[in-house]
Structure formats: C-alpha cells, structure tokens
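Construct all of the structure, not just a fragment, from the sequences and the given hints.
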Amino acid sequence: MRLLYFAWVRERIGLAEEEAVPPAGVGTVADLIDWLSTRSDAHREALADRWRLRAAVDGDFAGPEASVAGAKEIAIFPPVTGGMT
Amino acid sequence: MIRIVVGVEPIDLPAEQLLVEAVPGAGAVASFTGLVRADAEAGTGGEGRRVEVLELEHYPGVTQAALTRLAEEARTRWSLTAATIVHRVGPMRPGERIVLVLAAAPHRAAALDACAYLIDRLKTDAPFWKRETRGGEARWVDARDGDTVRAAAWE
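Residue numbers (the numbering used here), protein chains in the order written: chain P, 14 to 98; chain Z, 478 to 632.
Read the hints as simulated data drawn from the structure, not as lab findings.
Hints are not guaranteed to be accurate.
Label-pair restraints from in silico Cβ distances [to be verified]: (1) P:Arg52 to Z:Thr510: 35 to 45 Å; (2) P:Arg52 to Z:Arg585: 52 to 62 Å; (3) Z:Glu573 to P:Ser80: 33 to 43 Å; (4) P:Gly72 to Z:Arg554: 15 to 25 Å.
Treat the numbers as computed from the prediction; the structure is a model and nothing was measured.
For every residue, glycine included, the Cβ atom is placed at its ideal position computed from N, Cα and C.
So, in structure tokens, the structure goes:
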C-alpha cells in the first residue's frame, strides 16, 4: 500500500510518501500506526502522540478502528486546521 | 452550478461572482471571503510577533472531493442555483484572500444560510493544514475546538 504523510507528520518522518507491505496481523489503522512506529526512530517519534493523529483510508477520513484490509492508499496526518483563522 | 477550485493562484473574486450571477434563477448571491490575518501571537496582548507568511498544505484529490461533496450537500439542502468554493493553498501573505465561498439562490435567506454553512463546514471537513511563519520561525497551527463545535451546530 501507499502511505502518505502530511504537515508535521511528514516533516518528522522525513518523507511525504512511501510504499509498505504490512504483515498479516495489521488489520486496523491503529495496528498500522503501531507497525509503522517500528520502521525507524523518526517514524516512532512522529507517530508517538496517537491522540494527535488522524487518518484517511483510500481518501475517506477513518478512525483508529477502521480496517486497512485491501486499502491502496492510507494517509496519516494531524487534525486539520481549516482554511482561515 | 458547482465550482470548486483549489490552487496557488490569487483568488479573483469579481470573476467568480460573475460566473455565479450568470446562472439563471438566482435572486440572491451571498459571499464570504477569508483573508490571511497578521495576528500577533496568542497570550502576548498584541505585542507578540505577527504572521509574516501563512502556508497551507492539503491532500490533493481528497480536498477537491471533500469540497465538492460539501457544495453538493448545500445545493440540495437550500436549492441553490450555484455554489462556488475557491481555496488557496501554498504560501500567502497577510491581507491576501485565502478562501471564497459563494452561494446563489432565488431568495436571500437560503443564500445567506448556505454560505454560512459552507464556511463553517469546510474548516473541519477538508484536509488543510496551516503553518505560520513569525520572526522567520515556522510553526504548524493546532486545530481549534471551537471550529468543531461550530460545524456540529449544523447537524
């Protein structure tokens, strides 16, 4: 699957996107974030504050319990901050 | 008409207004324009560093789809003749237009309500992230709970 990172998640990981093939036990967004955290120190630090992370599965906003089975594109990012202050 | 534009170009308000007015059936056009503010840092009593550059990052494709869905919801709910959302991304300076919402309907109440709905919802439903630069130092802006409350009030 293709992984996309935005805003400070992207900056902390040091990548805007990457390809990954998660192992069989990774069923949900939360599982995926746990697994990604083991990829590098930068991943672990960027993904440490779980409550500050949001995700989208194939373009739809998704909670931590959402399934990632068969997904082609998963995005991980901070809460959105709208168009104006 | 539904018109959604997400791009780095400055927002041409008069041109967008003319497009909406050209659609038959409208008796009212409501618009909202958001400008980049030069706000001083919070908690500094207006004395802190002001915003020099505001940069907006987005999730291409998904942004377009989210704004289109919102505009279509508003068109159905208020029987709009036209709904336009133009959103700037990339770097901007204070005073520049960051977002434009236009809603056209046969009468003013529907146009005004739809316009307010669209601007409240797009702040929470669309994947945008803001980064401010003050004193040459860039910082990602945190989400504000108030925006979620305002959007939920429409449910």
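Hints, verified against the model:
1. P:Arg52 to Z:Thr510: 35 to 45 Å: With Cβ atoms ~43 Å apart, the hint holds.
2. P:Arg52 to Z:Arg585: 52 to 62 Å: 55 Å, holds
3. Z:Glu573 to P:Ser80: 33 to 43 Å: 41 Å, holds
4. P:Gly72 to Z:Arg554: 15 to 25 Å: Roughly 23 Å apart at Cβ, these two residues keep to the hinted range, so it holds.
Taken one by one, the earlier hints all hold for this structure without exception.
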